[in-house]
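Asker: My request is simple: use the sequences and hints to build the entire structure.
Protein chains: 2
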Amino acid sequence: MSAVRRSYTRPLDIKRGRVDLSHGSGGRATAQLVEELFIRHLDNPWLRGHDDSACFEPPPGRLVMTTDSHVVTPLFFPGGDIGCLAVNGTINDVAMAGATPLYLAAGFILEEGFPLSELERIVASMAQAATIAKVPVIAGDTKVVEHGKGDGLYLTTTGVGVVPEGVEIGGARARVGDVAIVSGDVGDHGVAILAQREHLQFESEIRSDTAALHELVAVMLAACPDIRCLRDPTRGGLATTLNEIAQQSGVGMLLQESAIPVASMVSAACEFLGLDPLYSANEGKLVAVCPAGDAAQLLEAMRAHPLGAHAAEIGACIADDNHFVQMQTRLGGRRVVDWLSGEQLPRIC
Amino acid sequence: MSAVRRSYTRPLDIKRGRVDLSHGSGGRATAQLVEELFIRHLDNPWLRGHDDSACFEPPPGRLVMTTDSHVVTPLFFPGGDIGCLAVNGTINDVAMAGATPLYLAAGFILEEGFPLSELERIVASMAQAATIAKVPVIAGDTKVVEHGKGDGLYLTTTGVGVVPEGVEIGGARARVGDVAIVSGDVGDHGVAILAQREHLQFESEIRSDTAALHELVAVMLAACPDIRCLRDPTRGGLATTLNEIAQQSGVGMLLQESAIPVASMVSAACEFLGLDPLYSANEGKLVAVCPAGDAAQLLEAMRAHPLGAHAAEIGACIADDNHFVQMQTRLGGRRVVDWLSGEQLPRIC
Numbered sequence: 169m170s171a172v173r174r175s176y177t178r179p180l181d182i183k184r185g186r187v188d189l190s191h192g193s194g195g196r197a198t199a200q201l202v203e204e205l206f207i208r209h210l211d212n213p214w215l216r217g218h219d220d221s222a223c224f225e226p227p228p229g230r231l232v233m234t235t236d237s238h239v240v241t242p243l244f245f246p247g248g249d250i251g252c253l254a255v256n257g258t259i260n261d262v263a264m265a266g267a268t269p270l271y272l273a274a275g276f277i278l279e280e281g282f283p284l285s286e287l288e289r290i291v292a293s294m295a296q297a298a299t300i301a302k303v304p305v306i307a308g309d310t311k312v313v314e315h316g317k318g319d320g321l322y323l324t325t326t327g328v329g330v331v332p333e334g335v336e337i338g339g340a341r342a343r344v345g346d347v348a349i350v351s352g353d354v355g356d357h358g359v360a361i362l363a364q365r366e367h368l369q370f371e372s373e374i375r376s377d378t379a380a381l382h383e384l385v386a387v388m389l390a391a392c393p394d395i396r397c398l399r400d401p402t403r404g405g406l407a408t409t410l411n412e413i414a415q416q417s418g419v420g421m422l423l424q425e426s427a428i429p430v431a432s433m434v435s436a437a438c439e440f441l442g443l444d445p446l447y448s449a450n451e452g453k454l455v456a457v458c459p460a461g462d463a464a465q466l467l468e469a470m471r472a473h474p475l476g477a478h479a480a481e482i483g484a485c486i487a488d489d490n491h492f493v494q495m496q497t498r499l500g501g502r503r504v505v506d507w508l509s510g511e512q513l514p515r516i517c
Numbered sequence: 169m170s171a172v173r174r175s176y177t178r179p180l181d182i183k184r185g186r187v188d189l190s191h192g193s194g195g196r197a198t199a200q201l202v203e204e205l206f207i208r209h210l211d212n213p214w215l216r217g218h219d220d221s222a223c224f225e226p227p228p229g230r231l232v233m234t235t236d237s238h239v240v241t242p243l244f245f246p247g248g249d250i251g252c253l254a255v256n257g258t259i260n261d262v263a264m265a266g267a268t269p270l271y272l273a274a275g276f277i278l279e280e281g282f283p284l285s286e287l288e289r290i291v292a293s294m295a296q297a298a299t300i301a302k303v304p305v306i307a308g309d310t311k312v313v314e315h316g317k318g319d320g321l322y323l324t325t326t327g328v329g330v331v332p333e334g335v336e337i338g339g340a341r342a343r344v345g346d347v348a349i350v351s352g353d354v355g356d357h358g359v360a361i362l363a364q365r366e367h368l369q370f371e372s373e374i375r376s377d378t379a380a381l382h383e384l385v386a387v388m389l390a391a392c393p394d395i396r397c398l399r400d401p402t403r404g405g406l407a408t409t410l411n412e413i414a415q416q417s418g419v420g421m422l423l424q425e426s427a428i429p430v431a432s433m434v435s436a437a438c439e440f441l442g443l444d445p446l447y448s449a450n451e452g453k454l455v456a457v458c459p460a461g462d463a464a465q466l467l468e469a470m471r472a473h474p475l476g477a478h479a480a481e482i483g484a485c486i487a488d489d490n491h492f493v494q495m496q497t498r499l500g501g502r503r504v505v506d507w508l509s510g511e512q513l514p515r516i517c
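Heads up: the sequence lines are chains R and X, in that order.
When you line the first sequence up against my numbering, it's residues 169 to 517, in that order.
When you line the second sequence up against my numbering, it's residues 169 to 517, in that order.
Worth double-checking, as some hints may not be accurate.
The list treats identical chains as one, so a pair stands whether inside a single copy or across any two.
[Unchecked claim] SDA-like mimics (lysine to any residue), calculated; alpha carbons at most 25 Å apart, straight line:
1) K317 x G281
2) K183 x S509
3) K317 x L368
4) K317 x P514
5) K317 x T241
6) K317 x S509
7) K183 x E279
If you are wondering where the hints come from, they were derived from the structure by calculation, not from laboratory data.
Answerer: In structure tokens, the structure reads:
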């Protein structure tokens, strides 16, 4: 965001104005949009510096970097919007390396004609999420594409963080005998988006679980420094995430269906919609794998945190050359929980 | 890119296949695309790790972070494509802070129906640019939007780099009496894109100047550690970049029109197209501001590097409370070189 303060003839008309191609030109209109909308909400010393990059002194330790493009539709949904979703999602990807998130960058692709009032709502939501998480957005970029070449707004966020000394977390570190824990009810985000898209009304509103999990992770690492794997089951849901870990670690998994927490509203909605909550996206949940002996202590610490109140042990890693994820069903049978095939819900995040 | 190796029933048909929504699902199809296309070309230990974030040990020093979304159309143009453009452009934004680029992340937004063969060409071009620059792409993400909600491919790249001890570069550091230097002929990229878009034929092909400038910057800093400002004049061109620096530093500038290098083909094309090369985008050029006493030495060092062969001193910083950029024209007059207003060329990068 290199554009700098000028005196403009008129302030940006955020209430009635719309994005036009000049806002992506890099010239005067871009400068005004950056100044009067982006910096006004995301204000911090880095953005105020108006350089093309942002400079910071990293704390000691290994750094992690992660990026995610967001194309969720609709842009606004019960429980959040693309702005807070992007901030929380990128913070979570950093946190899943056991790292403390430090800074974010944001790249906007706007469609010509997009209302400036909606852009402001989204940027304000990003700013609020960044403030709550204490992870500032220090660099950004805005491009504009012609009407019909986008879908309102796409948002790519990138995060960097620092891994505390002694923490070693990775998808390949699960061992036979370890247990798998999920931090709460699964499937909320995917069902909330689909319900909104299809204009479905349930008894009470199903809301996205979008939330930043780095403080929960810090609590978990304090309670159990030997956590092997952490991952947030977003696209593809819990089933896909567990398959990824099984594959990377070279183990099988055996889950207990009755132990997997699903909110009753989400369970009912899934039945109605023909969805499986195990494949429905989450945006404020995590899966942890830890040594069996640490599980009780870890669960206790998680349940004491608001974002881990419904944490549950859902299964264990077993020896299996095929690296299958299997599930003991409520009826006593066993079935393979495969990867997501095809596309259950496009543009869920 | 958390997807992991599986045995797929059939390999990806890159020659005839197209992107479909399942490639953005986060499930099996995403994993196959990541494995057989992205990792095959961008291969490095970070991507092979298959975690959602990439970990590295930063060298000592301040870090910089920068992000840019790329929406250039057409995706392929004389001298490059969106893939190498994104890699080089992000490296350049890092380098303009005087920093050594370390790592890149890439977020892809693909349109349903986009040919996998074109995606492969673009990823291979990114990989080649990253290899030449010695700056690996260590994290990535892929999303897919429905046909008609994108334009083939959008690409957001983020870079981190480290600023060597003692280097202090910023757009606000120009002082009255300093001189402005440009590293070579201006306007090439913008004219190359427009010519391609309009199917114009000139005597010889006008090619984008896309190139990574970090090695030129290293040579420049060795010759002149007191460089005040560095910036790459991309969108908005040389005129907008100089206005940004004048505004940030609180100085005026006086340019000599006759000193600004423009290739004769580009000059002729601009006249024909009604463009001004001062507002036409560059993707392999930089502007430097340095103390007047260092200019000769800096120019000599720049001209010894292939990417600075046509480097020229183009003007000086002067006292001006309005922070205007003025130009002494070839005819002896003086005119204000204003910011770019409106949009000269949409989707130039």
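Asker: If a hint holds in the structure, say so; if it does not, say that too.
Answerer: Now the hints, each set against the structure:
Taking CA atoms no more than 25 Å apart as the test, K317 paired with G281 passes in both settings, with 11 Å inside one copy and 14 Å between copies. Taking identical chains as interchangeable, the C-alpha atoms of K183 and S509 lie at most 25 Å apart only when they sit on different chains, with a minimum of 22 Å there against 43 Å within one chain. Taking the closest pair of Cα atoms, K317 and L368 come within 25 Å of each other only across two copies (24 Å); inside a single copy the shortest separation is 28 Å, beyond that limit. Proximity of K317 and P514 under a CA criterion of 25 Å is satisfied in both settings, with 18 Å inside one chain copy and 13 Å between copies.
For the homomeric pair K317 and T241, the shortest alpha-carbon distances inside one copy (15 Å) and between copies (11 Å) are both at most 25 Å. In this homomeric assembly, K317 and S509 come within 25 Å of each other (Cα to Cα) only across copies, at 23 Å, whereas the closest approach inside a single copy is 28 Å. Taking CA atoms no more than 25 Å apart as the test, K183 paired with E279 passes inside one copy only; the shortest distance there is 17 Å, against 31 Å between copies.
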